[in-house]
Amino acid sequence: MKENELRELAHLCRIHFDEGQFQPIADRIQNLLDYVKQIQELDTSSIIDYTHPFESWVERQNLLHDEPCTEQNEGGTYSRETFLSNVPDQIAGMVRVPNMQ
Amino acid sequence: MSTTHDFTSIASVTTAYGQGEISAVQIAHHYLKKIEELNPKLNAFNYLFPEKILQQALLLDERRARGEVLGPLAGAVIGIKDNIHVAGEFTTCCSKILQGYRAPFDATAVSWLRKQGALFIGKMNMDEFGMGSTTENSIHGPTRNPYNIDCVAGGSSGGSAAGVVAGMCTASLGSDTGGSVRLPAAFCGCVGVKPTYGRVSRYGLVEYGSSLDQIGVLANDTLSAALVYQSIAQSCQFDPTYSHKPIGDVSKAALSKEIQPGQRVGIPTALLEGLSKEARETFDKSSKHLQQLGYTLVEVDLSLVRYAISIYYILATAEASTNLSRFDGMRYGYRHGEAKTIDEIYERTREVGFGEEVKRRILLGTYILSAGYQDAYYKQAQKVRMLLIQQYEKVLKECSFILMPVATTTAFPIGTMTDPLQMYLQDLYTVSTNLAGLPAVALPISWSHDKLPLAVQLIGAPYQEASLLHVAYHLEKAVGFSASQSNTNQVSK
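From first to last, the protein sequence lines stand for chains A and B.
Counting in my numbering, the first sequence runs from 1034 upward without gaps.
Counting in my numbering, the second sequence runs from 326 upward without gaps.
Calculated from the structure, these hints are not laboratory results.
Only pairs whose alpha carbons sit at most 30 Å apart, straight line, appear in this in silico DSS-like list of lysine-lysine:
id : chain 1 : residue 1 : chain 2 : residue 2
1  : B       : 704       : A       : 1035
2  : B       : 704       : A       : 1070
3  : B       : 359       : B       : 802
4  : B       : 610       : B       : 577
5  : B       : 776       : B       : 610
6  : B       : 577       : B       : 802
7  : B       : 719       : B       : 704
8  : A       : 1070      : B       : 719
Partner residues are not named here, just some residues of chain B that face chain A (Cβ under 7 Å, in silico):
id : residue
9  : 426
10 : 565
11 : 639
12 : 655
13 : 671
14 : 672
15 : 688
16 : 691
17 : 706
18 : 708
19 : 762
Stretches of chain B that chain A covers, calculated by requiring three or more beta carbons in the stretch to come under 8 Å of a beta carbon on chain A:
id : stretch
20 : 674-687
21 : 694-702
A virtual CB, placed ideally from N, CA and C, is assigned to each residue, including glycine.
Can you build the whole structure from these sequences, using the hints too?
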């Protein structure tokens, strides 16, 4: 992996790195990729369906109802105030973020 | 309560409480004192709730005095890994990016424990976001092994394991995505249960690898683990991957005297070559005991387990890169104070907020999912995962359960593993169980020459936790591990 590839990857991940960090990190990532690519030596032509790995023994996903949750369990309350209490910056009950520039 | 009373098992504590021998307030004080004495050495707990536990204990005692029915865990004190919500308390995943974050609700597992009378004492140390095998990747520093404080406790649920073994709580909850309950259980010498995928609700567990994560149990003995597991594997309407199959009476099944004749245990001999001499001796000792108990050993082929690390570190990092994209400084946790634009906030917050290992896994996972590489890595890994699942299904038709090592060696000194790949290879015997969604129980068996625990694990077919715990219970009695603990250097002695 080259330094410029890692720069693009870091941008996709939205993580900042200082100059000088890119090449060592790229080398480490490449080391890991070199190891995991051993899976490419296996013949997987017999596998058709692979998106539901536990389908042979698990029920199909239980879709949840699309309703506001107002249940109060013994440990907490699903209130706007509770969820907003963790927001770093809020105004009038909304999350405040900088303007786009 | 007698000073020789056993505070290390669920049955002992809840029986004494139920019979009125001790109050919940006394029990809480006992564990708070233990934590005060031992936590500075072991670093098992990050956050404590001393006032809250005493309040809860007082309320429980008042309910007992009124003759109310209290629940099977009344009086037991459960430690909770710091990626599982306890309403109103910090959930930080031992990461700077979640500093100050308080859980808005109980995890379903915690809620069930609460309903059954359990008390909560604090949040336990872990590798950041579950990413690690030693609990060295925590912003709070490493958790130390109770049998040698210069050694790791295993990870990522190292705090949960060390805390239980050192007597700082009756049992604990951890999470297991690639072995993170079983490996610390093995390194610290306690029982670790990883449920079938979907058996325990993940609601209130901070996600790392969504197709792999399960909340698990750590306890000093099999019956304690069974009691806690049975309590948490109850219904949930908030997790769409939760299985509503009936769970049955797991603890009763575990204690059952009967060992059905003709049961076979699978031995994957070809996978054992990487074990240290003592780990191999432990495995062989376990298989001999199982034979003496009446099980028949059969050789099984699990050759695809050799690819499990590769499959895991492709799929888990891919899933993690998505799951951790929510940590951006906007709605919760740390936000970089000097960043001005939206992009700067994202990039600087995540630069400072995440540790090195977490950033590395996000990079790897994003690469694997990016255009041009998805087919070669992600899709191929999904397909190989299916091959592994099929191999396990075939093997579990040939035997009732599989005996597998947990680790290649004992707990090693803190700071030993500096190469990420060497660290990942520690998970060789554990990750395949998560990839296949299978239940597993780790059980301590013997001691190394330098008095560190060695363990094995039992792996079963889906939803066979009761059977596994039954085998584990009988193997535990046959081996007599806990009776030999008095000859060790355990810090709580």
